[in-house]
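Asks: Numbers in this note's numbering are just positions in the sequence shown, counted from 1, shifted up by 198.
The hints are simulated quantities; they were obtained by calculation from the structure and are not laboratory data.
Cβ atoms here follow ideal geometry from the backbone N, Cα and C, with glycine treated the same way.
Keep in mind that a hint or two might mislead.
Simulated restraints on C-beta separations [to be verified]:
hint, residue 1, residue 2, range
1, 316, 371, 45 to 53 Å
2, 307, 244, 23 to 31 Å
3, 336, 278, 34 to 42 Å
4, 404, 372, 26 to 34 Å
5, 260, 370, 19 to 27 Å
6, 336, 229, 40 to 48 Å
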Amino acid sequence: MDSSRVQSGPAGSMSLVEPAGPFCDHGIRHPARLAAETVLVTVGVFLAARLVCMGPVAKLQWLMIPAILVAAALLPTWTARRHFPRIGLDRNHVQQTLWTVVTVSVCVLPVTLAGIWIAARLRIPIPLRPAIDGQNGWLAWLLHQLLYVAVAEELFFRGYLQANVMRLLAARPWRSRTVPQSIAIVASAGCFALAHLFVQGRAVALVTFLPGLLFAWLFVRTRSLLGPILFHGLANISYGIMALMLA
């Protein structure tokens, strides 16, 4: 996609949306149709994931739920011929994204470790503690977190849901890019947390709202899916290892 074309706002500043940029198209012809599609697809994903967990194929949820997320992200976008946000694998972008992810990790992961350590010392149950069967289960769990969970969830919640919210917000003028970006970040993180609550059926799953904010912010910051995918996988793996070691 040609990322050289930039839509300027009233003051000559770069607008929230670039016509062929990494996020989405400029000028939505049918915003009501896009909003309805996004709501229906999101609700459909929630219901389908819940049914998978409750049905006879629950043992295959590790594969089926990521497949549902990827299909829900890509099929409606391709059908409507909308631009899908780029992954961001070009050399210069990878270097910049890695630096951003490393910086965020250095700031966030030690705080997470301290929180888990304090919870363990106070004998407070650690939320969302992973279950790993034996030593052979470690490799499968690591690959699942990085290749399935991180990729599939970011493709849907950031690449589809957040990008669509940004498209809808771009349909009206804003004095500052910060406001629509913040709305899109909160909406994406909120749906991310609600999905975990709906699928897992435990109120503690709502804590995923906090990492969801970081994933959504990285999507805006790096202007691609690579940043949130990398940090999502790294955060899940780090949290799981720390929770198992300190619990």
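Asks: Against which earlier hints does the structure fall short, listed by number upward?
Replies: 5
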